[in-house]
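Colleague: Below, each chain spelled out in residue letters.
2 protein chains.
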Amino acid sequence: MRRVGALVFPGFELLDLFGPLEMFGLLKDYFDLQLVAETSEPVASNQQVRANPDVTFKDADRFDVLFVPGGMGTRREVSNTALLDWIRTVSESAEYVLSVCTGSLLLAGAGVLDGRRATTNKAAFTKIADQYPKVDWVKQARWVEDGKFITSSGVSAGMDMALGAIALMHDRETAEKVAMWSEYDWHEDKDWDPFAKIHGLI
Amino acid sequence: MRRVGALVFPGFELLDLFGPLEMFGLLKDYFDLQLVAETSEPVASNQQVRANPDVTFKDADRFDVLFVPGGMGTRREVSNTALLDWIRTVSESAEYVLSVCTGSLLLAGAGVLDGRRATTNKAAFTKIADQYPKVDWVKQARWVEDGKFITSSGVSAGMDMALGAIALMHDRETAEKVAMWSEYDWHEDKDWDPFAKIHGLI
Numbered sequence: 185m186r187r188v189g190a191l192v193f194p195g196f197e198l199l200d201l202f203g204p205l206e207m208f209g210l211l212k213d214y215f216d217l218q219l220v221a222e223t224s225e226p227v228a229s230n231q232q233v234r235a236n237p238d239v240t241f242k243d244a245d246r247f248d249v250l251f252v253p254g255g256m257g258t259r260r261e262v263s264n265t266a267l268l269d270w271i272r273t274v275s276e277s278a279e280y281v282l283s284v285c286t287g288s289l290l291l292a293g294a295g296v297l298d299g300r301r302a303t304t305n306k307a308a309f310t311k312i313a314d315q316y317p318k319v320d321w322v323k324q325a326r327w328v329e330d331g332k333f334i335t336s337s338g339v340s341a342g343m344d345m346a347l348g349a350i351a352l353m354h355d356r357e358t359a360e361k362v363a364m365w366s367e368y369d370w371h372e373d374k375d376w377d378p379f380a381k382i383h384g385l386i
Numbered sequence: 185m186r187r188v189g190a191l192v193f194p195g196f197e198l199l200d201l202f203g204p205l206e207m208f209g210l211l212k213d214y215f216d217l218q219l220v221a222e223t224s225e226p227v228a229s230n231q232q233v234r235a236n237p238d239v240t241f242k243d244a245d246r247f248d249v250l251f252v253p254g255g256m257g258t259r260r261e262v263s264n265t266a267l268l269d270w271i272r273t274v275s276e277s278a279e280y281v282l283s284v285c286t287g288s289l290l291l292a293g294a295g296v297l298d299g300r301r302a303t304t305n306k307a308a309f310t311k312i313a314d315q316y317p318k319v320d321w322v323k324q325a326r327w328v329e330d331g332k333f334i335t336s337s338g339v340s341a342g343m344d345m346a347l348g349a350i351a352l353m354h355d356r357e358t359a360e361k362v363a364m365w366s367e368y369d370w371h372e373d374k375d376w377d378p379f380a381k382i383h384g385l386i
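Chains as they are written, first to last, in my numbering: chain G, 185 to 386; chain Y, 185 to 386.
Where hints are given, some of them may not hold.
Identical copies look the same in the list; a pair holds intra-copy or inter-copy alike.
Claimed, not checked - Simulated pairs of lysine-lysine, DSSO-like, Cα-Cα distance not exceeding 27 Å:
1) Lys374 x Lys361
2) Lys242 x Lys311
3) Lys361 x Lys323
4) Lys374 x Lys323
5) Lys374 x Lys332
No wet-lab data here; the hints were simulated from the structure.
Fair warning: this is a prediction, and the values are worked out from it, not measured in the lab.
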């Protein structure tokens, strides 16, 4: 059983967070999900609707899996020292560190991606890559695995990555079962990424 | 601007709810999203993590769009008279009534699908279809449109349906823009449904 700490902050992107948590959450015997925020107040997403944190930064800084969604709120949170400190601390002991979309901006801001291969939202790619040159940013990838760090492209890519992570932590059959249960058409190839071209990155 | 009332109840399926709300929520000028529950307490999903209601049944029963997710909790809620009454009332005046997965069990339980074509989760299909014979259940469909009622297959199908609904309410270009923003590979054909075969329905 792996304990997943999923970060939430004001302006998180709904599907970045709940797409992957759907996939992990369908394996109740394998994953225990917790939403973690700076305070215990409900947190409004970029789509307005609100999630309810289970624990706060000061109550919980050890998880087997750290999960970081993106969203417009990352632009502000990348200057939030308490949040970046928490990411650094949790990353150190976590077995896996996952991000979706501009969640990788927060990981880069915390410095934990330095020297690592990673990807991010394709519309925001160039700006983020220019800002954090110590990260080896991959232009075309649905998701990128480098050691314990697994980072995905924008929003929907998080679901494909989550199934990839399940295949890595368990096996491919388990990931395929979860895709079938959720009637999801899994893009299993982590190099599948038509959006890199759409956004002129390749 | 359309006001969307999205029902939440204990044991709702995370992605049933938040996949479509991601799509609608990316069009902030077109849709105003509200989570509606029986009480104002945080509501635990089937994946445990909790959503925070914006309004309760007694505070709000008029919406332009009624949105009903599925999940294990529907098995209990289909006997909840307050919830079924609320669905009936909101459905009457709503311009559109949408469901994902076993959300159609709640619509059927409220009687609003009688004489209508509809679909549901493919693993639960036969049981639900046998229970509500007045509904014209469609075995193979990613989603089904019949008048103001738009019902989708299991979990992930909700995202394809939401984009279909956006195309219907606005236009196809708008739906394609939302798919691009969310780096989503939209199954635009509402008859695309490999899961009907997987579950032996065809």
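Colleague: If a hint holds in the structure, say so; if it doesn't, say that too.
Modeller: Hints and how they fare:
1. Lys374 x Lys361: both (18 Å within a copy, 23 Å between copies)
2. Lys242 x Lys311: neither (32 Å within a copy, 47 Å between copies)
3. Lys361 x Lys323: between (30 Å within a copy, 21 Å between copies)
4. Lys374 x Lys323: within (12 Å within a copy, 32 Å between copies)
5. Lys374 x Lys332: within (16 Å within a copy, 38 Å between copies)
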